[in-house]
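Peer 1: The opening position of the sequence shown corresponds to residue 1 in full-length UniProt numbering, with each subsequent residue numbered one higher.
No wet-lab data here; the hints were simulated from the structure. Every residue gets a Cβ at the ideal spot worked out from N, C-alpha and C, and that includes glycine. Some hints here could point you the wrong way.
[Stated by the list, open to error] Cut-off 30 Å, straight-line C-alpha distance, at most; resulting in silico cross-link-like pairs (DSSO-like, lysine-lysine):
#1 K117 - K55
#2 K140 - K31
#3 K186 - K117
#4 K55 - K229
#5 K117 - K140
#6 K117 - K31
#7 K229 - K60
#8 K140 - K60
#9 K117 - K229
#10 K229 - K257
#11 K55 - K257
#12 K31 - K63
#13 K63 - K203
#14 K63 - K140
#15 K283 - K257
#16 K278 - K117
#17 K229 - K63
#18 K117 - K286
#19 K283 - K117
#20 K210 - K186
#21 K140 - K257
#22 K140 - K55
#23 K117 - K257
[As the list claims (entries may be wrong)] Derived Cβ-Cβ restraints for the label pairs, each shown as a range:
#24 D35 - E318: 43 to 51 Å
#25 W204 - Q94: 30 to 38 Å
#26 Y188 - Y54: 24 to 32 Å
#27 R182 - E266: 24 to 32 Å
#28 K55 - E318: 29 to 37 Å
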Amino acid sequence: MFHVDLPVIVSEGVAAEYAVEEERPIETFFKWQEDHDRTLSVQVPSNLTSNNSYKVHTLKQVKDTFLYNDKQNNNDPEDEDFKNKTPWNVLDTQNPVPGTYPRFIQHHRCQLLHSIKSAVLGGMTAQRMEVTTATVASWKDNVDWTLLSEGGNLTGPHMDAHGLDTWITVQEGAFGFGWMARPTPKEYLDWMQDPLRRTQSDKWRYLVLKPGQTVFFPGGLIHWVFRIKGYQTLATGGHNIRWNALEHWLDTMALQKQYEDTCNEEQDRINLFCDHVKHFIQKRIKQGTLEQVFGESVLIWGSENRRSPIDHANRIIEMIDDPEQPWNAAKKGKKAREGAVKAQRASAAANSKRR
Numbered sequence: 001m002f003h004v005d006l007p008v009i010v011s012e013g014v015a016a017e018y019a020v021e022e023e024r025p026i027e028t029f030f031k032w033q034e035d036h037d038r039t040l041s042v043q044v045p046s047n048l049t050s051n052n053s054y055k056v057h058t059l060k061q062v063k064d065t066f067l068y069n070d071k072q073n074n075n076d077p078e079d080e081d082f083k084n085k086t087p088w089n090v091l092d093t094q095n096p097v098p099g100t101y102p103r104f105i106q107h108h109r110c111q112l113l114h115s116i117k118s119a120v121l122g123g124m125t126a127q128r129m130e131v132t133t134a135t136v137a138s139w140k141d142n143v144d145w146t147l148l149s150e151g152g153n154l155t156g157p158h159m160d161a162h163g164l165d166t167w168i169t170v171q172e173g174a175f176g177f178g179w180m181a182r183p184t185p186k187e188y189l190d191w192m193q194d195p196l197r198r199t200q201s202d203k204w205r206y207l208v209l210k211p212g213q214t215v216f217f218p219g220g221l222i223h224w225v226f227r228i229k230g231y232q233t234l235a236t237g238g239h240n241i242r243w244n245a246l247e248h249w250l251d252t253m254a255l256q257k258q259y260e261d262t263c264n265e266e267q268d269r270i271n272l273f274c275d276h277v278k279h280f281i282q283k284r285i286k287q288g289t290l291e292q293v294f295g296e297s298v299l300i301w302g303s304e305n306r307r308s309p310i311d312h313a314n315r316i317i318e319m320i321d322d323p324e325q326p327w328n329a330a331k332k333g334k335k336a337r338e339g340a341v342k343a344q345r346a347s348a349a350a351n352s353k354r355r
């Protein structure tokens, strides 16, 4: 396992590419879609913040926009039709093509999020999943996805929710990726307190990724994404949780919960993740298999010191159970509300008996 606090750029060959001879990857993306009447959300950058930031379109409408509308594919940024058009940005789409996960993070120590997904959808059985409506409703699949965009789109500085690590592999086009490089604690907190303000800093970096390149970055990295005008892009991506980064993951989630405007989506699965991670650790303690995921010792995040696997496991459980953590505060509030409702019902029942 590796420790990382900056984005890692890996060149061709680490992830399966969509490339098919004489076919654009974006064509491959739509070819793998069986039902083009299904709907998806398309981000609308020109919408005011008071309106919905997206519109719902069918896959056919998106396909026609990206493949058959010459105006959309015009590569001349000075063309009037091009300048007057709002570029489409499709950020929440299933990846229809299997086997695109980068090889360098396929090790089981990097796949804790996949284990959580299996536990949520499969329950206590290790057999093939028989997913129910209830289990599907509790899970949003973020293990892998695709990003489809027209040139000119910009996603401003943000963090990915739930403290998750992220990987993105470019399949087509020029994909701009920027980040804040090693901010001081004050710079980091200043941005979190007001993420929408324009931040001038000499810590901002960016590069333009080409097809076949993959960027991997840790949870909590302040980053932004842009697409060059006139060129469509397709990227595959996903999230993961690394066993050796659990302490950093929990710290990041606690900060993100405190400053929720920093994230790209709602933080509504923190308790789900924490409960399963705690359960997995307790099972590995019982089974004597901690070294399989932690190794002989664990490097403490942000220092050169190390812990034994059992000491590190106990530290992670202690952090999850800490009553001051925001996810436990939410639990306490829920229990208090449930207790109040039960008390009200008991009081009403007692009063009715007296009558």
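Peer 1: All hints are to be evaluated individually against the structure, with a verdict given for each.
Peer 2: Tested hints:
Of the supplied pair hints, the one linking K117 and K55 holds, its CA atoms being roughly 29 Å apart against a limit of 30 Å. Annotation: proposed proximity of K140 to K31 holds, straight-line Cα distance about 24 Å (limit 30 Å). Only pairs whose Cα atoms come within 30 Å are accepted, and K186 paired with K117 is rejected, the gap being roughly 35 Å. Between K55 and K229 the CA atoms are separated by roughly 21 Å; this keeps the pair inside 30 Å, and the hint holds.
This hinted pair checks out: K117 and K140 have alpha carbons roughly 9 Å apart, not beyond 30 Å. Using a Cα cut-off of 30 Å, the hinted pair K117 and K31 holds, with the two alpha carbons roughly 27 Å apart. Of the pairs offered as hints, the one joining K229 and K60 holds, with about 23 Å between alpha carbons and a cut-off of 30 Å not exceeded. Distance hint between K140 and K60 is fulfilled; the C-alpha atoms sit about 24 Å from each other, no more than 30 Å.
Taking the CA atoms of K117 and K229, the gap is about 37 Å. The hint is violated against a cut of 30 Å. A hinted pair counts as satisfied when its Cα atoms are at most 30 Å apart, and K229 with K257 does not qualify at roughly 35 Å. Distance check on the hinted pair: K55 and K257 sit about 27 Å apart at the alpha-carbon level, within 30 Å; holds. Under the criterion of a C-alpha separation no larger than 30 Å, the hint pairing K31 with K63 is consistent with the structure, at around 10 Å.
For the given pair, K63 sits about 38 Å from K203 by alpha-carbon distance, which is inconsistent with the 30 Å threshold. Proposed proximity of K63 and K140 is supported: the alpha carbons are some 24 Å apart, at most 30 Å. Proposed proximity of K283 and K257 is supported: the alpha carbons are some 28 Å apart, at most 30 Å. A hinted pair counts as satisfied when its Cα atoms are at most 30 Å apart, and K278 with K117 qualifies at roughly 15 Å.
Only pairs whose Cα atoms come within 30 Å are accepted, and K229 paired with K63 is accepted, the gap being roughly 19 Å. Pair hint K117 plus K286 holds up; C-alpha atoms about 22 Å apart against a cutoff of 30 Å. With a C-alpha separation of about 17 Å, the suggested pairing of K283 with K117 holds against the 30 Å cut-off. For the suggested pair K210 and K186, the alpha carbons sit about 34 Å apart, so the restraint of at most 30 Å is broken.
Taking the CA atoms of K140 and K257, the gap is about 18 Å. The hint holds against a cut of 30 Å. For a cut-off of 30 Å, the pair hint linking K140 to K55 stands: about 20 Å separates their Cα positions. For the hint pairing K117 with K257, the CA-to-CA distance comes to about 22 Å; that is within 30 Å, so the pair holds. For the pair D35 and E318, the supplied restraint of 43 to 51 Å holds, since their beta-carbon distance comes to about 48 Å.
At about 32 Å, the CB distance of W204 to Q94 agrees with the hint of 30 to 38 Å. Separation of Y188 from Y54 is about 29 Å and conforms to the stated range, judged on CB atoms against 24 to 32 Å. Taking the beta carbon of each, R182 and E266 are about 28 Å apart, inside 24 to 32 Å as hinted. Between K55 and E318 the beta carbons are some 46 Å apart, a value that contradicts the proposed interval 29 to 37 Å.
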